[in-house]
Amino acid sequence: MTHAPAPAVSLPTSDADPFAAEHLSQPEPLHQQLRQAGPVVHLARYNVYALARYREVHTALVDWQTFQSAAGVGLANFRHEKPWRPPSLLLEADPPHHDAPRRVLREILAPPALRKLRATWQTVAEELVDTVLADRGSQFDAFTDLARAFPLRVFPDAVGLGPEGRDNLLPYGNMAFNAFGPANDLVKADADRAAELSAWVNAQCAREALSEDGFGSRIWAAADRGDLTHAQAPLVVRSLLTAGVDTTVHGLAATLYAFATHPDQWQRLRERPESARVAFDEAVRWQSPVQTFFRTATTDVTIADALIPEGTKILMFLGAANRDPARWLDADRFDLTRDPSGHVGFGMGIHQCVGQHVARLEAEALLTALARRVERIELTGEPRRHLNNTLRSWAALPVTVRPAR
Amino acid sequence: MVADSLLRVPQPALSRVTLQIRAKDTIADGVVSLTLAHPDGARLPDWTPGSHIDLVLPEGTTRQYSLCGDRWDPYTYRIAVLREPAGRGGSAYVHDRLAPGDLVGVGGPRNHFPLVPADRYLFIAGGIGITPLLPMIHQAELIGADWQLLYGGRSRASMALREELSAAHGDRVHISPQDECGLLDLASWLDTPDPDTKVYCCGPAPLLAAVEQACAAWPSYSLRTERFSAGALPEPVHQRAFEVELRRTGRTVTVMPDTSVLHAVRQVGADVLSSCEQGTCGTCLTPVLEGTPDHRDSILADHERAANDCMLPCVSRSRGDRLVLDL
Chain G
1 MTHAPAPAVS
11 LPTSDADPFA
21 AEHLSQPEPL
31 HQQLRQAGPV
41 VHLARYNVYA
51 LARYREVHTA
61 LVDWQTFQSA
71 AGVGLANFRH
81 EKPWRPPSLL
91 LEADPPHHDA
101 PRRVLREILA
111 PPALRKLRAT
121 WQTVAEELVD
131 TVLADRGSQF
141 DAFTDLARAF
151 PLRVFPDAVG
161 LGPEGRDNLL
171 PYGNMAFNAF
181 GPANDLVKAD
191 ADRAAELSAW
201 VNAQCAREAL
211 SEDGFGSRIW
221 AAADRGDLTH
231 AQAPLVVRSL
241 LTAGVDTTVH
251 GLAATLYAFA
261 THPDQWQRLR
271 ERPESARVAF
281 DEAVRWQSPV
291 QTFFRTATTD
301 VTIADALIPE
311 GTKILMFLGA
321 ANRDPARWLD
331 ADRFDLTRDP
341 SGHVGFGMGI
351 HQCVGQHVAR
361 LEAEALLTAL
371 ARRVERIELT
381 GEPRRHLNNT
391 LRSWAALPVT
401 VRPAR
Chain U
1 MVADSLLRVP
11 QPALSRVTLQ
21 IRAKDTIADG
31 VVSLTLAHPD
41 GARLPDWTPG
51 SHIDLVLPEG
61 TTRQYSLCGD
71 RWDPYTYRIA
81 VLREPAGRGG
91 SAYVHDRLAP
101 GDLVGVGGPR
111 NHFPLVPADR
121 YLFIAGGIGI
131 TPLLPMIHQA
141 ELIGADWQLL
151 YGGRSRASMA
161 LREELSAAHG
171 DRVHISPQDE
181 CGLLDLASWL
191 DTPDPDTKVY
201 CCGPAPLLAA
211 VEQACAAWPS
221 YSLRTERFSA
231 GALPEPVHQR
241 AFEVELRRTG
251 RTVTVMPDTS
261 VLHAVRQVGA
271 DVLSSCEQGT
281 CGTCLTPVLE
291 GTPDHRDSIL
301 ADHERAANDC
311 MLPCVSRSRG
321 DRLVLDL
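Taken in sequence, the protein lines are chains G and U. All the letters of the first sequence, read from the start, carry residue numbers 1 to 405 under the numbering used here. All the letters of the second sequence, read from the start, carry residue numbers 1 to 327 under the numbering used here.
Hints are computed from structural coordinates only; laboratory data are not their basis. For glycine and all other residues, C-beta sits at the position ideal for the given N, C-alpha and C. It is possible that some hints are incorrect.
As the list claims (entries may be wrong) - A few chain G positions that, by computed beta-carbon distances, are all more than 10 Å from chain U:
hint, residue
1, Pro95
2, Gln232
3, Pro340
What the hints assert, rightly or not - One side of the interface only, derived from the structure: several residues of chain G facing chain U at Cβ under 8 Å:
hint, residue
4, Leu307
5, Ile350
6, Gln352
Claimed, not checked - Stretches of chain G that chain U covers, calculated by requiring three or more beta carbons in the stretch to come under 8 Å of a beta carbon on chain U:
hint, segment
7, 238-252
8, 264-278
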């Protein structure tokens, strides 16, 4: 990647709408077309540039100097368009403004800081699996009963939210992740609840709404120490509530879907429960719960001889990079013997998911609890996707299990 | 884990922790600046103002130096080193022996001196203590904060970058050489506490003590200081090969000087998940059962390093001949 003037080359162009229902429900064919078309593809419908190969996506993710986030990581360009809500201090910020919020949240969510949660979350996961098996028997919906239920049990408590209104979290996240796409039907469907959901989430970010010793009150304590301003604290709490729920729910759903369709891999996990963390990351690579994010060029930049003009939007296909055959052998296979390290499902660089260790801990707790109690897990019906402009989401994952003897 | 199931693009360097001296320049009496880059020209780990790196000198001693370059340039680090005649030999080695082209071990960057948000900053530098404040000043300019720099030193000639700072920033910069003006007039600068100002001070211990005293009446957390511990000498860092035992799998592997622990343990079949492989994301954090790690990461806190019960094998190494990991 250089900043030298580009030679005139004809750039591959695609008329596809990556946010159309056909591609959101089944993104792999489009991903393959885009990867094959070239390292950079012009998406004519939105006049943006697409990166779908691992090398280019990885390079753009780590190069915050050239590919900025403060102009928005959705289609809307904050240089010209008003954001639908005050921008995130983490996701939609560049250095230097990004530094303090990132540092504070990174320390609160670092692996050593999470050790205290491990035993509690393990117990909650075991109770949840026991309850589901006792109440539902061998047939249940692995999406609603496990993937959705477990994060909603542990994460809001860890943040320190009160008991009321937690059912607003998923609809709010769904709305926020839709908002990174174009103003299509998915965005319009959220419009009637936008004000109500935003008001509820904003109210939970206040100091008084948060219990002591949760992630939320630790953010406020950082503001008391001057590491953040008091004006920044509620927005950093908002980031936890926006980015910490739906992503994990659909990441866990992706993992359970992977195992329900790969019985040999489930056996491998049962034999080696210590591979739960690797299994979760392999599922994140394979399904990429966060499919796409945009960046904006801070300068005229040349990628593989293609000139991307300053100020234009670049759409990075994380899901396509995570299945790029130039990076991954047998990329479409869910395989626990693979090393998924280096996948970009959590992003990469200074904006890499700051909650990734929280997600892994949730996954480890749920998967090990399930692996101890369930010998086989299989689909009993067609799993149903829920469409979202950014998240590869689920609506139902009907399964049958054989409890372990 | 099957090693050849990987086609790594871009190819990672096996060892991320060796950089090359690209330039060495004298910038004041007794002060040289070093420009460091990856031998392959790769991007270096990102950093924030106030960060330092550990420089691992060829005989195994480790010294900490503040990064004073431009973080918008991802390919080079810049540090400035004062010759300390009463020091333990690290600065003399840098001054007398290190030359462009030489390779040096590097740990970090780590930041114990982060620039927090504020409307106004007062930066107070004593001598070489100017180095961490330079990127802070750049940043204060970028965000449009109001700032002043009080810069003391033995003499004008000993004060690195004095002219550049004055030329660029005019009357925000207050130069106060001791041989002309005496000790810094802290009382007149710090007399009136201001809740909207953060005070950042780096310099010799007597200056830090004087500033702490002068800020006693200021609101808590107004003053941020950087002191490099000159306390106990750490055990010299291992530059040779060492052994890593994987206790759970019962395997042992030799880690060569140009290989990371992460790479070595994967070669003998350990499943260690990683992500950034630069010591910044924390994904590969691994429990240490025996031995003393040579921590080179950017994220563990001091008490976590001192406990020596975990390490980031993508960059960190061993201080002794042997490490035992819970793998």
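Hints versus structure:
1. Pro95: 7 Å, violated
2. Gln232: 7 Å, violated
3. Pro340: 7 Å, violated
4. Leu307: For Leu307 (chain G), the interface hint is violated, since the closest Cβ of chain U sits about 21 Å away, which is over 8 Å.
5. Ile350: 5 Å, holds
6. Gln352: Check passed: Cβ of Gln352 (chain G) comes within 6 Å of chain U, closer than 8 Å.
7. 238-252: Per the Cβ count (0), the hint is violated.
8. 264-278: Satisfied; 4 residues make the cut.
Checked against the numbered hints given earlier, this structure breaks hints 1, 2, 3, 4, 7; the rest are met.
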